[in-house]
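Asks: Okay, here's what each chain looks like letter by letter:
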Amino acid sequence: MPKYHRPTSRADALAALAEGGARARALVGGTDLLVGLRHHHDVADVLVDLKGVTDLPEPIVVTDDGVQIGPTYTMGELVSHPVIGAWYPALVEAALTVGSVAIRNRASLVGNSCNASPAADTAPPLLVHGARVTITSLDGDRTASLDEFFLGPRRTLCGPGELVTRLDLPRPAPGSASAFRRLTRRRGVDLATVSVAAGVGPDGALVVGMGAVGPRPLRTASAGPVDLTDDASLDRALDELLAPATPITDVRGSREYRLATLRVLTRRAVLAAADRRDPREMAS
Amino acid sequence: MTSTARVPDHLDADELQTVTLTVNGSERTVAVPTHRTLLDGLREEVGLPGTKSCCAEGECGACTVLLDGRAVNSCLVLCVEAEGHEVTTVEGLSADGLTDLQEEFLNAGAVQCGFCIPGQVVSAEYLLRTNPDPDEVQIREALSGNLCRCAGYQRIVRAVQATAARRSER
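Sequence order for the protein chains is P and E. Per the numbering used here, residue 1148 is the first one in the first sequence, and the count goes up by one each step. Per the numbering used here, residue 5 is the first one in the second sequence, and the count goes up by one each step.
For reference, chain P alone in the conformation it holds in the complex (with noise of 0.2 Å):
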């Protein structure tokens, strides 16, 4: 039976997790943890609820600059909030499709990085939008791109002990846009079978976040700009962009099936980011 703390300090909630060392993990929402705990595919023996840590940093702030998230803050708050919205519509799009409403009431957003998921539907837009995490230990802080971040499946740079305190979005370029397209069995329910976020730059770069399709989510970038007014140009640039996609036979589909559906979902987000750029703000 887990040990169950319900801090109420950062320093208290650090302490716990330390003392637990590899099998004491952060919960959240536990949406995924509580299933892993049942089904015997985590071991952990102390769970730490940081929902009732008061110094954490915020739920959410938005500056000028872009938009820091807390570790407690939901996909359900994420999917209504307007600054979200109008910066990642891409995260919006992942963030709807995960689970159902009840889901989203309880899951957060950085929990769903941290869980590492190769599939996790989040991901794909978080890394075409460029975020850093912050982890935080007894020994100090340290930052990290999401894309260092996620080492393989389940594993990523937050190690014993340490706790991921903040997730930082810069904000856009004016002149970009983003979207997000998945392919699923079920609505509601199911993981993605293939999953792509696409990010346009206001001169036609591409950046592309894949989930499903590797052992950990995957984020390729165009080496400069494409037009993608030609059809043979864009295909180019994805023969480049998915190349590092290596997608593997199980229960949601074949490799095959998957690399297919990638080249169609990628080309449907690229071209849907892109109608969503005001062209007063794109470079002539």
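What the hints contain is simulated information worked out from the structure, not anything from laboratory work. Treat the hints with care, as some may be off.
Pairs of lysine to any residue, SDA-like flavour, derived with a Cα cap of 20 Å [what the hints assert, rightly or not]:
id, chain 1, residue 1, chain 2, residue 2
1, P, Lys1198, E, Thr38
2, P, Lys1198, E, Gln21
3, P, Lys1198, E, Glu90
A few chain P residues that face chain E, going by a derived Cβ cut-off under 10 Å, partial list only [claimed, not checked]:
id, residue
4, Gly1168
5, Ala1169
6, Arg1334
C-beta atoms are modelled at their ideal positions from N, C-alpha and C, and glycine is treated no differently.
Starting from the known structure of chain P, fit chain E onto it as the hints suggest.
Replies: Only chain E this time, still in chain P's reference frame:
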């Protein structure tokens, strides 16, 4: 009404945590092991079996309750997490008799085997409280986490539409 914490015979008292929460407006105190879900606590300790246990992993929605007014899967909440919080189960949606929403479920013939209905009703009530005039797409999205094995979805959607219409006339 306050109930006294009860220690199940097969457990040592020191393995239990005492949790005080408000259930359907009444303060309740239960003694539970840390792994006890809110779902099982409501059914077994508090004695409210309206909330149903089915998949126990947040996929079917049969266990949906309102936690501080927000719909959640009670199978994915630990009792100990609910300390100090307010829970509303399907039994607590109305002080006496059926709610208008429950009546419309009956009027629409939306109840077949009935197992998923408490969860459907709680999710639909949450939708109507947060969006009193939902369109069909919004109703289906709001209920996408509530599975009905009888596949009675058309009539469930109609029941929610009828309730929204009825409430707008008040």
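Asks: Failing hints, ascending?
Replies: Checked against the structure, the hints that fail are numbers 4 and 5, while the rest are satisfied.
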